[in-house]
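These protein sequence lines are chains S and D, in that order.
Per the working numbering: the first sequence = residues 548 to 1010.
Per the working numbering: the second sequence = residues 548 to 1010.
Careful, some of the hints might be misleading.
When chains are identical, the list treats them as one kind, so a pair holds in a single copy or across two.
Pairs of lysine-lysine residues, derived as DSS-like cross-links and limited to a Cα-Cα distance of at most 27 Å, are as follows [as the list claims (entries may be wrong)]:
| # | residue 1 | residue 2 |
| --- | --- | --- |
| 1 | Lys554 | Lys699 |
| 2 | Lys866 | Lys905 |
| 3 | Lys595 | Lys974 |
| 4 | Lys919 | Lys658 |
Just so you know, the hints here were simulated from the structure itself, not pulled from any lab data.
Nothing here was measured: the structure is a model prediction, and the numbers come from that model.
2 protein chains.
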Amino acid sequence: MENILVKQLYRLSSEFGGKKIRLSGWVRTIRASKSFGFIEINDGSFFKNIQVVFDEKLDNFKEVSKFVISSTITVEGEFVITPNAKQPFEIHAESIKLDGNSDNDYPLQKKRHTLEYLRTIAHLRPRSNTFSAVFRVRSLAAYAVHKFFQEKDFVYVNTPLITASDAEGAGEMFQVTTLDMKNPPKTEEGEIDFSKDFFGKRANLTVSGQLSAETFALAFRNVYTFGPTFRAEDSNTARHAAEFWMIEPEMAFAELSDYLDTAEEMVKYIINYVMENAPEEMEFFNTRIDKGLFDRLNNVVNSEFGRITYTEAVDILEKSGEKFEYPVKWGVDLQTEHERYLTEKVFKKPLFVTDYPKEIKAFYMRINDDNKTVAAADLLVPGIGEIIGGSQREERLSVLEKRMEELNLNKEDYWWYLELRKYGETKHSGYGLGFERMIMYLTGISNIRDVIPFPRTTGSAEF
Amino acid sequence: MENILVKQLYRLSSEFGGKKIRLSGWVRTIRASKSFGFIEINDGSFFKNIQVVFDEKLDNFKEVSKFVISSTITVEGEFVITPNAKQPFEIHAESIKLDGNSDNDYPLQKKRHTLEYLRTIAHLRPRSNTFSAVFRVRSLAAYAVHKFFQEKDFVYVNTPLITASDAEGAGEMFQVTTLDMKNPPKTEEGEIDFSKDFFGKRANLTVSGQLSAETFALAFRNVYTFGPTFRAEDSNTARHAAEFWMIEPEMAFAELSDYLDTAEEMVKYIINYVMENAPEEMEFFNTRIDKGLFDRLNNVVNSEFGRITYTEAVDILEKSGEKFEYPVKWGVDLQTEHERYLTEKVFKKPLFVTDYPKEIKAFYMRINDDNKTVAAADLLVPGIGEIIGGSQREERLSVLEKRMEELNLNKEDYWWYLELRKYGETKHSGYGLGFERMIMYLTGISNIRDVIPFPRTTGSAEF
Chain S
548 MENILVKQLY RLSSEFGGKK IRLSGWVRTI RASKSFGFIE INDGSFFKNI QVVFDEKLDN
608 FKEVSKFVIS STITVEGEFV ITPNAKQPFE IHAESIKLDG NSDNDYPLQK KRHTLEYLRT
668 IAHLRPRSNT FSAVFRVRSL AAYAVHKFFQ EKDFVYVNTP LITASDAEGA GEMFQVTTLD
728 MKNPPKTEEG EIDFSKDFFG KRANLTVSGQ LSAETFALAF RNVYTFGPTF RAEDSNTARH
788 AAEFWMIEPE MAFAELSDYL DTAEEMVKYI INYVMENAPE EMEFFNTRID KGLFDRLNNV
848 VNSEFGRITY TEAVDILEKS GEKFEYPVKW GVDLQTEHER YLTEKVFKKP LFVTDYPKEI
908 KAFYMRINDD NKTVAAADLL VPGIGEIIGG SQREERLSVL EKRMEELNLN KEDYWWYLEL
968 RKYGETKHSG YGLGFERMIM YLTGISNIRD VIPFPRTTGS AEF
Chain D
548 MENILVKQLY RLSSEFGGKK IRLSGWVRTI RASKSFGFIE INDGSFFKNI QVVFDEKLDN
608 FKEVSKFVIS STITVEGEFV ITPNAKQPFE IHAESIKLDG NSDNDYPLQK KRHTLEYLRT
668 IAHLRPRSNT FSAVFRVRSL AAYAVHKFFQ EKDFVYVNTP LITASDAEGA GEMFQVTTLD
728 MKNPPKTEEG EIDFSKDFFG KRANLTVSGQ LSAETFALAF RNVYTFGPTF RAEDSNTARH
788 AAEFWMIEPE MAFAELSDYL DTAEEMVKYI INYVMENAPE EMEFFNTRID KGLFDRLNNV
848 VNSEFGRITY TEAVDILEKS GEKFEYPVKW GVDLQTEHER YLTEKVFKKP LFVTDYPKEI
908 KAFYMRINDD NKTVAAADLL VPGIGEIIGG SQREERLSVL EKRMEELNLN KEDYWWYLEL
968 RKYGETKHSG YGLGFERMIM YLTGISNIRD VIPFPRTTGS AEF
């Protein structure tokens, strides 16, 4: 007899009703009386468990009664549809075999654990309901991202993680080295001699794949990255990790509005894909983690995202009469309180704010004709604030060089980035989505440590 | 008028015949005489260019005649099917507009460049035929991997890249630090004080996600990783990079033969997917890079992979009468010359060699009943040798601990790995595929530097 998966039993239950089946899985709960007992089995294929009923007819009834949680077992028996019971079906066991024992002190007994405690057993927490749901949704959302872009013929590009260019400037970097830190080679001037390091020069972990992705967009038109990114920022918040995954699409022959159209379509696609493919998990989040989740996600999927300029946004905020912790005026960066006010109170839906002052944005963003603002846009969503940032890129070589001079950037560090303009000034645009932010948004989970399998944060790289 | 993509013109040419169209792209070649000229345009959407014919009727004929390669242009005109010409269709231009200029010294002029030279312009090489084909195939193959596993309900898990465990042992590691290497903090004993480092301890870049993936397989049953991996090995070969991508599936309730079945199906799936979705690129590789490519790939797709034990393999090699550089006897590791002899000369198809002596394999591989061999297997393919390695994992806690003691491994470093066994000894198996090896195999490209967008190797982390 071939093993059946719990997922098959849930999805095709009528096919299996009354049939003999066999399955292997882990004991999630067990209760036994003198003459009968119940085991809930999970086999990893599905969010929910399946109930096994057993009684004295089993040769090894006494042994089975003493099975402990997390043991591995194989059950054979009849699959019985139970329309009047609490659970829709159960297995009436004819044999139960122990494949692998577990220890009595298994930490994930059936009681509520705090998320903080579960972080200390990150090797076991995917076996809990919450993390089973989180990491299956993470997997499906990742696939939705690939499916969305591949169906549009975007080329997936793996930009490098180790970089010898100091040129990224988007955040604090980790250094990568094979030098002996205790006795590093030194130059005659007493500096560390990085020419002896693995790459022959100082190397870091990347903070963004964007500049590399631009090189590919100018060959393949539409490309996207989806890979790890690093920030060595010493910030111990619920929203920052030292290692996280980013999605960075980059599109040639595309203006700012093309980025907005693509990003809006992508966000809706990811939500729809996960809602369709993980209904049990999403129901769990909506019931147990964040009771407003479905309302919020439905609102995103069914709205046409708003679009206003930064100048309009500042005007709205100034006239709002709201007391903000950080006062607003034209030229300052918007804080989360402002972003949330705009998207939650004024627009009540996702909102793109466009055309920010050039002083508060990156050097590569395209300068508008007013020479004061750049063709940048952030996507703000209710409940969270900014979730995507991007811009049209400055494709005009002379304008870009002038801007770099103003900002005292060393053009030699960017020689290849500038050559992309030298050899064909092509209009192009792109954006970045922090993948973990998206998972938090999809699940209602509020700490980034709980959407990453083994999170890396200040002071912590366990497992 | 909306812009049309070159891909649409090739795939749906009959729909567009005789119609007015507009498209934007880059000049790949241009020749002009006194009264007419030809431009080949590529717009990034497709491997092939499209030919534009223009003549004196254009207002700006003289200007257009002087356009240089890599300029960005927009063409409007009639799409004309040309059944009797060399190219199947062309555009008769009614207007050609310059959107962005290019410099005259563009390095990718229409002549043959060596792959070595093209590596020095990695920011431009995706615009060449060879790299356009390589990186589109790489993107499609990556998607095929995700599609294959997602359709089988495998959960995609992002294992951590920064690791504080020294426990992986699969290769030399890069160190990750935020300490000031010139003046690092020291302990009283004069050692580097890693408690002051970002993670509070010494941290490295991972060499494999396998051990982490096992934790997820024991929750989700079937999982896979697909992410970057690092080796700080000082080997300057055509087959080694310091940063590369690995696919590491891990399956619970699975024996060695389940790994072999899954790996065989996966390899065939990836080849079929790429052949179907990149026919022009694959034709290019078969014609221009490796004339035996299609024969080799068809042989893989149409064969049932062979399966022999290491002991049988050694027997065949000993009786072969071949003169090998490295002599063979039971207990030695197989060299590429042996692997290629077996798969190319004896079996003439892909071949799994199983059950290697435990001494030449990793500590976590499951010991067979003979107590001499382990349930490991390598997949050997004609033309390359080993392409996949994997095993059933030792799930028996006491056997695993004994093996670790024999090898002097520190059990405390592996506490969580051992706990996976303590809490449910579950049979499981997994394997690893180096993604770049697969791309080299799919394309016939022989240097790993030419299948990675911006390769990182000993002494080199350019761009």
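Hint by hint, here is what the structure shows:
no.	hint	verdict
1	Lys554 x Lys699	between (31 Å within a copy, 12 Å between copies)
2	Lys866 x Lys905	within (23 Å within a copy, 75 Å between copies)
3	Lys595 x Lys974	between (50 Å within a copy, 22 Å between copies)
4	Lys919 x Lys658	neither (58 Å within a copy, 44 Å between copies)
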